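Just need the whole structure built from these sequences, with the hints factored in.
One-letter residues, chain by chain:
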Amino acid sequence: MMELGDWCRKRKWGIMVMLSVLHIVGIFIFIRGFLLTRTELPYYSRCSDVSESPCFTSQSNHYQNQSNPLCWTRPAIDRLIIIVLDALRFDFVAPSTFFKETKPWMDKLQVLQKLASTQGTYARIFKAIADPPTTSLQRLKGLTTGGLPTFIDVGNSFGAPAILEDNLIHQLASNGKQVVMMGDDTVDLHTVDNGCIEHLLPSLYEEDWDVLIAHFLGVDHAGHINGIDSISMVEKLEQYNAILEKVIEKLHSQSGPGGLHENTFLLVMGDHGQTINGDHGGGSAEEVETSIFAMSFKKPPSSIPSEFDTSYCETDLDQKKTCISSIQQLDFAVTVSALLGVPFPFGSIGRVSPELYALGAGTWNLESANVGHWPNQKEEEWMRNYCNVLCINSWQVKRYIDIYSASSVIGFSSEDLLNISNIYAQAEGNSTCSSDNKSLHEDESYNSSLPTLKRKIDTYFNFLLSVAELARSKWTEFNLEMMGIGFGIMLISLSIHFYAIRTAKNAAGIPLPLCADSQISVKLMFAVFIVVIHACSLLSNSYILEEGKVANFLLATTAMFKLHYSIKREKMLMEAIFFLLLITILRFAIEIGLSKQAATSLFMSTHASWMVDIDPDNPMWIYMAEIIPILALILLAYLLYITVTSSSCCGIWKYVISGTILCYILIAVHWASESDTLSSITRLQGIGRNCIPKIIYAVGLGQLLLLAFSHLFHKDRALDSKKHFVSKTVAMLSTCSSTIIILSGKQGSLIALASIAGGYCIMRLGNIEQDINDKVAGILTFDPLSVTQWSLLATCLFFSTGHWCAFDGLRYGAAFIGFDEFILVRQALLLTIDTFGFSHIIPVFGLPFLVADQQLLGQTDQDRRLIIMQLYLMYLMYGLTIVATVVATIICVTIQRRHLMVWGLFAPKFVFDVVGLILADILICLAWLYFVGRGKDGGSGSMPDRHD
Amino acid sequence: MVKDSTAENPGQSVSPTQAILIHLICGVGLAVGFSVAHNVYFINLVSDPSHTLRLIWVIESPFVILLYSFFRQNPEKCSYLKAVIRGVLALPVGALVNALGAIALGAPVGSQYFQRTINWSLLMSLFTFVPPASVFGSSSEDWRRIFANTKPKGSLDYMICLPAHGAVVGAWFGAWPMPLDWERPWQEWPICVTYGAVAGYLVAMVASLVLILIQGGQQHPKSE
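Chains as they are written, first to last, in this note's numbering: chain A, 1 to 948; chain B, 1001 to 1224.
Any given hint might turn out to be false.
Which chain B residues face chain A? A few, computed with CB under 10 angstroms, are given here [said to hold, decoys possible]:
#1 G1101
#2 A1148
#3 P1179
Derived Cβ-Cβ restraints for the label pairs, each shown as a range [to be verified]:
#4 A/D808 - B/R1184: 25 to 31 angstroms
#5 B/W1182 - A/E477: 28 to 34 angstroms
#6 A/S230 - B/R1184: 18 to 24 angstroms
#7 A/I895 - B/S1035: 41 to 47 angstroms
#8 B/Q1115 - A/E821: 54 to 60 angstroms
#9 B/Q1187 - A/G259: 55 to 61 angstroms
#10 A/A698 - B/W1182: 50 to 56 angstroms
Bear in mind the hints are in silico, worked out from the structure with no lab data behind them.
Being a predicted model, the structure only gives us computed values, none of them experimental.
Don't be surprised by glycine CBs; every beta carbon is placed ideally from N, CA and C.
See the structure below:
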């Protein structure tokens, strides 16, 4: 019997570990397919790098003779004005004749349309295609770095929006270009662009800049607030039309020879589009199609060869021909770099766009090309130069791909790399762009070399486009196979979970499937229903946003179900009503948390209406807000004190709990010293701000070690009696609680009280049936609904502590309680404890309370075995509720992977759930070790067997 | 298990025809409420939930209270008037319980929702609390039989128990569309919840009729 029991226990532990490992493996494989990662390289392009390229061998001398020193490419323009209109749809700019229907918001930026149609090659409208996600930050980053955004980028940008990769702005700054940026942070629709407008026009007269960037947010705001089919949007566009008219007029007036804007280039562009409702972020055509209007004030020498002209033309409203070209936003950074003559950003994988590049080519071509008697001479000159630029471009992209594959953990496959290398070798293999020029200086040769140049350019195009395609598939496309395998493993773990629960039930002799008492099966059905409906709710973005409310709704439903039972049994009515009351209080706490989320979220507009009635500046409220948490803390300490004095627990747990009481007092002192009103009374300011938290962490760690050592070396008798069992649980919980409370801030003590009260109610209500079902040993009354409630309560606590499933929902401040300096591992640990403390750590270690109230504890070996079985079942079921939600989340992100909110909402939710699951798995294994042991040093194993 | 001690039901028995009639009249009452709101006051639940709900419960309440008071228990001890008064008193009490339940489940609170919540919970009270109050008074045993044990006996029990549960379950399901981002006016509290409750109430009335007819078909109604 003893060996059998031993073996059983080991097997239980083994199943728990196996489930955890399965979860981790499944999730890891899924993540490999779903969370696209790209490593940001810390390298920067330099002017001198170009000597490594194969492009400048023969022409470098030729260029060095010129007055200005050469970097990578010959500067084509001197000054650049970039006006970014946030969320500029393509159809805001293009003439309405390009579309099937005319909408109210079309043809409002008429100044651009007129210029594009009248001046032909001077100005042109481009359709710019962005890579999703189409959020402003990601797009601005893509525009300046010339790279593709992926989830990890997106994730990083929540915390630190700074662009660390090499980018256009960095290149401008380090190559002596003066950059002036103007933009506004105001959120008011009417004043949003005022700062920009005020500064833009005067700046045009000044000489102290080379690149001027103005970022207008008005269109984006108008879209978010009223949608694009609104009067405010039309007004905004008309306002911009007027501003642009003024800007272009001023530039024109100074664009003569020797003028301030002789070689100035104007770009009016959007960073992304928007839907009819003003949303953006996803990959729909409306969102990714934005526009670039480019204008040079000097006539380019010739039109570019028709082979490279991808434009399509229509007549506009005035019956004039307007041509529109297409450009990838990916190509923007490198094209602008080429125009300004600065090194291309290191990580750019774009291609110098021929049409945009040609627009700026007017300045130097006139000087350098000798008097051309031949019509093709200018064209050839331009082509040769462009070919050279492409040569550098290809070399730079190849260098990036090589270095990326060498330094990144998840690089490209060797097959792809070989393919890329072959294409590059093919492109480089022919003669360089300028070699013909040197050997044959006859006029006739120009004609003959044109086709060669074109072929050359085509090979470069081929290379650059295939690299972009590869990078897109690697960085922006999901690997469905991996996702499928990961999901399959999760399903397998789920079925093992079910199987384990079934076997455990049968082994424990709980006749659940063929239940004599129909009530239990009703409860089981209800519990399953609640878990399933909770999981299904995660398939919709609306329910994810309001998950706190959903969890609260379901918890309240189960509480009402329990109330129903308690009325039926005429028992524990007070507990049931109190539990409902508690849920109502939690509900208000969750709404406060949601209103915080709504303040930062783009997707939410909820706010708790009742909060308007409370004036937060009322001194009474301030005073209450400071005194109540401390009172709650004292109450908690008192509760622990009662436990210590009343229980007959042996030494070590007593000391641990006493240590926590001390911690609580310290926390109270800490809070009192932090607050303004109380510290003046108590004069506690002198105590170091970081001192108390550090002491508390140390004490907590010490307690944990003490418990662990006592568990290892002390003969464990926890399962021998109810009191031992309870005090062991309390010791563990109190050890965790002090750290969690101080990290959670002032709400911590209140939430701790709420979780104790909630746990108590669930425990009591879970045992409603017990006494009626008599005390015959061997019959377990097991209520799956209690476990469901436990996990729902944990979810509610997560949201009521002001967290939500987004990276801005992390309480970063908690990581710095007690520490001023940043050390990644330590601060991440604190942040994890704060985030998952009340929702995972406390519930998992508190779960044994659900069996603690049973009368079965301590009499016989048989009872002990049953208790272990029950604990095992509870942990399995608790794990199952979490796995169910994670599987639902996985299905959800798989279905919604192209949804516009995937990076903003679904992926963060997925990350939170997955981290929560892995943490819960580990905690469950640890808790099992702590409460039961692996068998060798477990309670009953060391006891002599009396039965069987 | 609690054993049901009341072996015999001293209340008036309800024939299937009467049951059909009662349910029909209650249903018609609701319909009248909706149509008066729509055709006389030109409001509906979406445009003016608070007033529409008030109109509906004001019109529905006499139907329910007066009808169910006919079938009061112990008619010889308890006058018709007393039963009516019981029903009237139960209206606000039931409303309070319903409102508290709704708030625990997450119904919005705040001044702009106050009136709506009150009117909605009065309507819910009419579906759930008023009929048993009129019939059983304060007999806790009967109440527990209907609401806690959900073991209705006899046609009257079915007529009270099923529609009440139907309304509550319907309201519960009616709350689910509320958080969705469809931005429809009917997603406001308590419009879709009311729709759910009314739908559940009507479906449960039909179900109770079916059960009564089945029971009527069997000559000996089950005593257990």
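Okay, the hints, checked on the actual structure:
With a least beta-carbon distance of about 7 angstroms to chain A, the hint placing B/G1101 at the interface is held under the 10 angstroms criterion. Interface hint status for B/A1148: upheld, as the beta-carbon distance to the closest one in chain A is roughly 4 angstroms, under 10 angstroms. Annotation: interface hint on B/P1179 holds; nearest CB of chain A at approximately 4 angstroms, less than 10 angstroms. Range check, A/D808 to B/R1184: Cβ separation about 29 angstroms, and the 25 to 31 angstroms hint holds.
The hinted window of 28 to 34 angstroms between B/W1182 and A/E477 holds, with their beta carbons roughly 31 angstroms apart. Look at A/S230 against B/R1184: about 19 angstroms separates their beta carbons, and that is inside 18 to 24 angstroms. Against the hinted window of 41 to 47 angstroms, the Cβ-Cβ separation of A/I895 and B/S1035 comes to about 43 angstroms, which satisfies the hint. For B/Q1115 paired with A/E821, a C-beta distance near 55 angstroms keeps the hint of 54 to 60 angstroms intact.
For B/Q1187 paired with A/G259, a C-beta distance near 60 angstroms keeps the hint of 55 to 61 angstroms intact. Here the CB-CB span from A/A698 to B/W1182 is close to 53 angstroms, well matched to the stated 50 to 56 angstroms.
Hint compliance for this structure: no hint is broken.
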